[in-house]
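If you want the building blocks of each chain, they are given just below.
Number of protein chains: 2
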Amino acid sequence: MIDLAILKEIAVRTPTKIVLLVLDGLGGLPLQETGKTELETARTPNLDRLAVGGICGLSDPVSPGITPGSGPAHLSLFGYDPVRFLVGRGVLEALGIDFDLHQGDVAARGNFCTTDENGLITDRRAGRITTAKNIELCRMLNQIKIAGIELFVLPVKEHRLAVVFRGRGLSGEVQDTDPQQTGLLPRKAAPLSPDAEKMAAAANEFLLRARSALMDSHPANMVLLRGFSRRPSLPQMSEVLKLSPAAIAAYPMYRGLARLMGMQVLDTGSTFADELDTLARHWQGHDFFYVHVKQTDSAGEDGDFDRKVRAIEEVDALLPRLIRLNPDVLIVTGDHSTPAVLKGHSWHPVPILLHSKHCRPDKTREFSESACLEGGLGRMPATDIMPLAMANALKLNKFGA
Amino acid sequence: MIDLAILKEIAVRTPTKIVLLVLDGLGGLPLQETGKTELETARTPNLDRLAVGGICGLSDPVSPGITPGSGPAHLSLFGYDPVRFLVGRGVLEALGIDFDLHQGDVAARGNFCTTDENGLITDRRAGRITTAKNIELCRMLNQIKIAGIELFVLPVKEHRLAVVFRGRGLSGEVQDTDPQQTGLLPRKAAPLSPDAEKMAAAANEFLLRARSALMDSHPANMVLLRGFSRRPSLPQMSEVLKLSPAAIAAYPMYRGLARLMGMQVLDTGSTFADELDTLARHWQGHDFFYVHVKQTDSAGEDGDFDRKVRAIEEVDALLPRLIRLNPDVLIVTGDHSTPAVLKGHSWHPVPILLHSKHCRPDKTREFSESACLEGGLGRMPATDIMPLAMANALKLNKFGA
Chain A
1 MIDLAILKEI
11 AVRTPTKIVL
21 LVLDGLGGLP
31 LQETGKTELE
41 TARTPNLDRL
51 AVGGICGLSD
61 PVSPGITPGS
71 GPAHLSLFGY
81 DPVRFLVGRG
91 VLEALGIDFD
101 LHQGDVAARG
111 NFCTTDENGL
121 ITDRRAGRIT
131 TAKNIELCRM
141 LNQIKIAGIE
151 LFVLPVKEHR
161 LAVVFRGRGL
171 SGEVQDTDPQ
181 QTGLLPRKAA
191 PLSPDAEKMA
201 AAANEFLLRA
211 RSALMDSHPA
221 NMVLLRGFSR
231 RPSLPQMSEV
241 LKLSPAAIAA
251 YPMYRGLARL
261 MGMQVLDTGS
271 TFADELDTLA
281 RHWQGHDFFY
291 VHVKQTDSAG
301 EDGDFDRKVR
311 AIEEVDALLP
321 RLIRLNPDVL
331 IVTGDHSTPA
341 VLKGHSWHPV
351 PILLHSKHCR
361 PDKTREFSES
371 ACLEGGLGRM
381 PATDIMPLAM
391 ANALKLNKFG
401 A
Chain B
1 MIDLAILKEI
11 AVRTPTKIVL
21 LVLDGLGGLP
31 LQETGKTELE
41 TARTPNLDRL
51 AVGGICGLSD
61 PVSPGITPGS
71 GPAHLSLFGY
81 DPVRFLVGRG
91 VLEALGIDFD
101 LHQGDVAARG
111 NFCTTDENGL
121 ITDRRAGRIT
131 TAKNIELCRM
141 LNQIKIAGIE
151 LFVLPVKEHR
161 LAVVFRGRGL
171 SGEVQDTDPQ
181 QTGLLPRKAA
191 PLSPDAEKMA
201 AAANEFLLRA
211 RSALMDSHPA
221 NMVLLRGFSR
231 RPSLPQMSEV
241 LKLSPAAIAA
251 YPMYRGLARL
261 MGMQVLDTGS
271 TFADELDTLA
281 RHWQGHDFFY
291 VHVKQTDSAG
301 EDGDFDRKVR
311 AIEEVDALLP
321 RLIRLNPDVL
331 IVTGDHSTPA
341 VLKGHSWHPV
351 PILLHSKHCR
361 PDKTREFSES
371 ACLEGGLGRM
381 PATDIMPLAM
391 ANALKLNKFG
401 A
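Read top to bottom, the protein sequences are chains A and B.
Here the first sequence is numbered in my numbering, starting from 1 and rising by one per residue.
Here the second sequence is numbered in my numbering, starting from 1 and rising by one per residue.
Where hints are given, some of them may not hold.
If several chains are the same, the list does not tell them apart, and a pair holds so long as it fits within one copy or across any two.
As a list, the in silico EDC-like pairs of lysine to aspartate or glutamate whose alpha-carbon atoms are at most 16 angstroms apart [claimed, not checked]:
| # | residue 1 | residue 2 |
| --- | --- | --- |
| 1 | LYS357 | GLU33 |
| 2 | LYS363 | GLU374 |
| 3 | LYS398 | GLU374 |
| 4 | LYS133 | GLU150 |
| 5 | LYS188 | ASP176 |
| 6 | LYS8 | ASP81 |
| 7 | LYS398 | GLU197 |
| 8 | LYS36 | ASP362 |
| 9 | LYS343 | ASP302 |
| 10 | LYS398 | GLU301 |
| 11 | LYS17 | ASP328 |
| 12 | LYS36 | ASP304 |
| 13 | LYS294 | ASP304 |
| 14 | LYS133 | ASP328 |
| 15 | LYS36 | GLU366 |
Treat the hints as calculated values from the structure; they're not laboratory data.
Treat the numbers as computed from the prediction; the structure is a model and nothing was measured.
Could you put the whole structure together from the sequences, leaning on the hints where they help?
Below is the structure:
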C-alpha cells in the first residue's frame with residue numbers, strides 16, 4: 001500500500017465526485033446445489049451494466065486468509081493500514097450506540113453479571129436482563145463520581161453496556177476484568193503498561209462503587225468490563241486526501257467509524273431508498289460519499305442465503321437513482337465477505353467494481369465473484385481502493401518528477 | 001504477509017486436519033517441441049479432480065525473479081518471512097545429515113582439500129576422496145579438543161564434511177576460510193562482528209590442529225570451512241499457529257528444516273507409498289502434516305524431463321490413499337520450481353492447489369501451470385499459504401472487532 005504521507009503530498013481538491021457504495025459482507029460462497037454465490041444468484045442488471053463499462057476485481061481487506069472484523073475491514077476500505085490503525089472493542093461498542101467519543105477517551109464493553117455471596121460469578125449475563133432494566137441500572141451507575149474522570153455508563157441491549165472514561169492521560173492498556181467463565185471472581189483491572197495505571201485505578205474504583213450500587217439489584221449485581229481501548233487518533237481524510245467526505249449509514253457503528261476518519265455524518269433514514277434521498281439532498285455539499293448498506297451482512301450472518309440475494313437485488317433495483325446523479329467515480333464493493341453458508345465474516349476476497357470515464361474497462365460482463373476473478377483490477381489489497389478512486393477522479397497529482 | 005504475532009493472536013486449536021503435500025521443485029518450463037511443462041505433460045487424473053473441486057493459483061517463494069534455495073523456499077511455505085529468517089549454509093549441511101543441532105550451535109560446511117609444501121591450495125576437493133576415506137579422516141579429526149567447545153566433525157559425501165561447534169556465546173558471523181580458488185592459502189576464520197571472536201578463535205584452533213592431524217593424509221591434508229552459521233531460533237508452529245504439526249520426509253535436510261519450526265518428525269520409509277503409510281499410521285496424532293516428495297526436484301536438477309513427469313504421475317496414482325483420509329484442507333504445491341530444461345531451481349512461480357469445503361472453487365479443470373494462472377488464488381506470496389490453509393480449516397478467529 002502507498003503511504004498516507006505520499007497521498008497527502010499528491011492529493012488535490014477538484015470538483016469531481018466519488019461514491020463508495022459498501023454492501024456490507026458482500027462476498028459469498030456458492031450453494032452446493034447451484035454452484036453460485038449470493039451475488040451470482042441475484043438478478044443485478046444495473047450492476048452488470050456498470051461492470052460492462054467499468055473495471056472489476058477482488059480485494060483482500062487485511063491479507064489472504066485473514067477474516068477481518070468490521071473495524072479493520074472499514075479502515076482498510078478507506079486506505080488506512082488495518083494492522084497499524086486498530087480500533088478496540090470498547091471503542092467500537094461506544095461507536096455502535098452513536099456515542100460521540102472525544103480524543104483521549106477510553107471505552108470498555110461491559111456486561112451486567114450475577115455474583116454469589118462470595119463474589120464468584122454465577123452468570124456472566126445476569127440472566128439477560130431486559131433492556132429497560134439495563135437503562136434503569138445504567139442511570140444509577142451514572143451517579144458514580146471518580147475524581148479527575150468524567151464517566152459515561154451507556155446501556156446497549158439486554159445485559160450489555162459500554163463505559164466511557166474521559167480524562168487526561170488515560171490509556172487503553174488495561175486487562176479485561178471479565179474472566180470469561182463462571183465460578184471465578186471478577187479480575188482486577190490490571191494495567192498492562194506503566195502508562196495505564198491511572199486508567200486501571202479509575203476502572204477499579206468504578207467497579208468497587210458499582211458493586212455497592214448494585215447490591216440489591218440481583219441478578220444484575222455486578223459489572224464485568226473488557227476491551228478497554230482508547231479512541232484511535234486517525235489521520236483525517238480531509239487533510240490527507242483533501243476531500244470533503246460524507247458518510248451515509250443507517251447503523252451507528254459505521255457512522256462512528258466514519259467520524260473517526262473525519263467524515264461528516266449525514267442524517268438518514270434506515271433503508272437504502274432513504275440513504276439515496278440523503279445522498280441526493282447533499283450532492284452539492286461534498287465530493288466523497290460513503291454509502292453503507294447493512295442488510296447484506298445481516299442476512300449472511302443469519303445464514304439466510306435467499307435474504308442476502310434479495311438484499312443485493314433491492315440495492316440493484318434502486319441503483320439507477322444513484323447513477324443519475326452521475327458521480328465521476330462509482331465504486332461498489334463490500335468491506336469483507338459474509339457467506340451465508342458460513343454464517344459469519346470470512347477471509348474470502350471481496351468483489352469490487354469501479355466505474356469511471358478513465359478506468360480502462362475490462363471484459364467483465366457481470367458483477368460476480370467469478371467474473372471479478374478475471375477483472376482488470378486483479379487481486380488487490382483493499383487499501384489500494386482509495387488511491388484508485390482518487391486517481392480515477394483525477395484527484396492525484398504525479399508522484400515524483 | 002501477515003505478521004506471525006497477529007496469527008498467534010487469532011489462531012485456535014480445532015480438530016480439523018491440514019495436509020500440505022510438497023512436490024519439491026514442482027514448477028517447470030515447457031519443452032519446445034510440445035509447449036508443455038512437466039506437470040502439463042503428466043497424466044494426473046486425481047490432481048485434476050482435486051482442481052475441479054478446489055481452488056488454484058501460483059505462488060512466489062521469495063519474490064518475483066528470485067530463485068530460492070531449499071531453506072528460504074521451505075520457510076516461506078510455512079509462513080516465515082524468508083528474508084528475515086535465514087538458515088545458513090552450514091546449518092543446512094548439518095541438517096542434511098540428520099544431525100540434531102541444538103540451540104546456539106554453529107555449523108560450517110567443510111571440504112577436504114590438498115595443499116602443497118607452502119600451504120597453498122592445489123585442489124579444493126582433495127581429488128574427491130572416497131566417502132569411506134572421508135569417514136576415517138573425520139573420526140580422526142573428532143579427537144581434536146578445544147577448551148570450552150564441544151566439537152562434531154561429520155562426514156558427508158566424498159570430500160564434503162560438516163563441522164559443528166557447541167558452546168556458549170558462539171556467533172555464525174565468521175568469514176569463510178575457503179578462498180574458492182587454488183594457488184592461495186586458506187584464509188583465517190576472521191570474525192565479522194565483535195561477537196564472533198570466540199567462534200573465530202575456535203575455528204582457527206580447529207583448523208590448526210586439523211592441519212597437523214592430516215599431515216600424512218595427502219591428498220586430503222587440509223580442511224576448508226565456509227557458511228558458518230548459527231542454528232536459527234524460529235517461532236514454533238505449535239506456539240504461533242496452535243498446531244500439532246508433523247513432518248513426513250524421506251530426505252534428512254527437510255526433516256531438519258521441519259524440526260527447526262517445531263514439527264515432530266515421523267519415521268518413514270523412502271518412497272511416497274511409505275510416506276502415505278506413515279501418514280495413515282499417525283493420522284490421529286496430529287492436525288497438520290507436511291509431506292515431502294523429493295523425486296520431482298532430483299529429476300529436474302538432473303535435467304530429466306521424462307523422469308520428472310513420471311515422478312509426478314507416481315504421486316498422482318497414489319493420491320487416492322491420501323484423499324481417503326479425508327483431510328479438511330489438502331494443499332498440493334512445490335517449494336519452488338525446478339524446470340528440467342534449466343537443470344536447477346528457478347524463479348518461476350509455483351503451481352498451488354487448495355482443496356477444502358470452504359474454498360470458493362474456481363473454474364480450473366486441471367492442475368497445471370497454465371490452468372493455475374487463471375485460478376482463484378491468483379498470484380500470491382508463498383507466505384500466504386499457511387494463513388489460507390488455517391483459514392480454510394477454520395483455525396483462525398476474526399482479526400479485530
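List of violated hint numbers, smallest to largest: Hints 3, 4, 7 and 14 not satisfied by this model.
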